[in-house]
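**Student:** Going down the list, the sequences are from chains A and B. Residue 89 in this note's numbering sits at position 89 of the first sequence, with consecutive numbering throughout. Residue 69 in this note's numbering sits at position 69 of the second sequence, with consecutive numbering throughout.
Bear in mind the hints are in silico, worked out from the structure with no lab data behind them. Incorrect hints may have been included.
[What the hints assert, rightly or not] Chain B stretches covered by chain A per the calculated footprint, using a threshold of three residues with CB under 8 Å from any CB of chain A:
#1 64-72
#2 89-98
#3 140-148
[To be verified] Straight-line distance between alpha carbons at most 20 Å, and here's what the computed SDA-like set of lysine to any residue pairs gives:
#4 B:Lys122 to A:Glu73
#5 A:Lys153 to B:Gly13
#6 B:Lys122 to A:Lys153
[Stated by the list, open to error] Covered stretches of chain A, going by a simulated chain B footprint (3 or more residues, C-beta under 8 Å):
#7 5-11
#8 78-86
Note that the Cβ used here is the ideal one computed from N, Cα and C, for glycine as well.
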Amino acid sequence: MIALALRDLRLAIRAGGGFGLGLAFFLIVVTLVPFGVGPESDILARIAPGILWVGALLACLLSLDRIFQLDFEDGSLDLLATAPLPMEGTVAVKALAHWVTTGLPLVLAAPVLGVLLHLPAPGHLWMFITLLLGTPALSMIGAFGAALTVGLKRGGLLLSLLVLPLYVPTLIFGAEAATRAIDGFDNTGPLMMLAGITLASIALLPFAAAAALRINLR
Amino acid sequence: MELTAQDLTVSRGGVPVLEGLSFTLRAGEVLVLRGPNGSGKTTLLRTLAGLQPALRGEISQPPEAIAYGAHADGLKATLTVAENLAFWASVHGLSDIDVALDHFNLRGLANRAAQNLSAGQKRRLGLARLLVIGRPIWLLDEPTVSLDVASVGLFADAVRTHVAGGGAALIATHIDLALDAEVFDVGPYKADPNAAQGHRTAFDQALDGALDGALDGAPL
C-alpha cells in the first residue's frame with residue numbers, strides 16, 4: 001500500500017503528472033474574482049469564504065479523471081486488481097495520493113490567497129480548518145466518481161456531472177462554517193456536519209468505488 | 001501447483017464465447033493456447049486471472065496464485081525501468097529485482113525512463129515483471145509481440161527456468177517458442193452465440209411472457 005502511495009506521489013511530481021494543476025487553477029480563480037466583482041473590500045470580504053470554497057472544489061474536480069484513467073489505459077489497473085492488495089485499499093490509497101497532491105496544497109494556499117479577497121482576520125485560520133476537514137471528502141467522492149467512469153472515453157464531462165451534486169453538501173457546510181466563524185457566530189453545527197461527511201465518505205466510498213472498478217474491468 | 005478448469009464457460013459482455021472448457025495445467029508444464037483472433041483466448045485468460053467471473057464452471061486456483069501478463073504492460077512512462085520493477089515487486093511484498101533485470105538484459109537500461117524505451121524493450125520490462133512478483137502460475141497473452149528473435153529466446157529461457165522450478169505457464173501465442181509444450185486449441189469450444197438465450201434471467205422470461213400475452217389480447 002505504501003509502495004502504491006509513493007508511486008502515485010512520484011508520478012504526480014514528475015513531468016506531466018498534473019501536480020500544481022489544481023493549485024494554478026485555484027490561484028487564477030481567486031485572482032480573477034476581484035477584477036470581476038470590483039475592488040470594494042467589504043463586498044469581497046463577504047464573499048471570500050464562498051469564493052475560496054468554490055475555487056477549491058473546482059480545482060479538485062479538474063484532476064479527478066486522472067485517478068484511475070491513466071492506470072486503466074496502460075494496463076496497471078488490471079495488474080493492480082490481480083495483486084494481493086484489496087481493491088478497497090487501492091482505491092483508498094489512490095484517493096489519499098490525490099488529496100496529498102491536490103487537496104493539501106489548496107488547504108495551505110487558501111489562507112494566503114484569502115488576502116487577495118480581503119478575508120477578515122479570523123477567516124484565514126477558519127479557511128484552513130474547514131478546507132482541511134472538507135477536502136478529503138472531495139478526493140474520496142471524486143475517486144468514487146472516477147471509478148464509475150473509468151472505462152469511458154473522455155468520461156470527464158460525465159464524471160463532473162456525477163460528482164458535482166455529491167460535492168454540494170461539503171460546499172454548503174464548509175463555506176457556512178467559515179462564514180459563521182468570521183461573523184462571530186457559533187459554527188459547531190456545520191463543522192460537525194462537514195467532519196461527518198468526510199468521515200462517512202472515507203468509511204463507505206472505498207467499498208462502493210472498488211465494486212464499481214471491478215465491474216468496469218470486466 | 002495445479003491449475004484445473006472444469007466445464008468452464010467464459011463470456012464477454014454477457015455473451016458466452018467459449019463453453020465446456022476443461023483442462024489441467026500441472027506444475028512444471030507449459031500449455032500453449034491457440035485459436036484464431038477473436039476466439040476468446042484473452043477472455044479465457046482474464047477469467048482465469050480472476051478479472052471477470054466465469055458464467056459456469058470451476059477454476060481450481062485462486063487469483064492469488066496467478067500472474068497475469070496482458071497486452072498492456074502496466075508501465076509508467078515517467079518512472080525508470082528499476083522503479084517500475086521495484087513498484088510491482090513491493091506491491092507483491094517482495095523486493096528483489098536484480099534477477100529480472102539480468103535475465104531480460106535490462107541492467108544497462110535500469111535508470112532510463114520507461115518512456116524512452118523502444119517497443120521491444122518495454123515488452124521485455126513488462127515480462128520482467130513476472131519474475132519479480134513471485135507467482136507460480138503465469139497466464140500470458142501474446143507475450144512475444146514486438147520482441148526480436150534474441151528477446152524471444154530470453155523469454156523462452158525465463159519460461160523454462162520458471163517451470164523447472166515448479167511453476168506453470170499458460171501462454172496464448174502464435175509463434176513457436178521452442179518449448180516442450182502441449183497445445184490446447186480453443187476452436188472446438190466456441191460457444192453458440194444463440195446460447196445467450198439460455199442465460200436469460202427468470203425476470204426476462206416473465207417479462208417476455210407478459211408482453212406476448214398482452215400483444216395477443218390486443219385488437220389490431
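**Student:** Could you run down the list of hints and mark each one as holding or not?
**Tutor:** Each hint tested on the structure:
no. : hint                 : verdict
1   : 64-72                : holds (count 7)
2   : 89-98                : holds (count 4)
3   : 140-148              : violated (count 0)
4   : B:Lys122 to A:Glu73  : 15 Å, holds
5   : A:Lys153 to B:Gly13  : 18 Å, holds
6   : B:Lys122 to A:Lys153 : 25 Å, violated
7   : 5-11                 : holds (count 3)
8   : 78-86                : holds (count 8)
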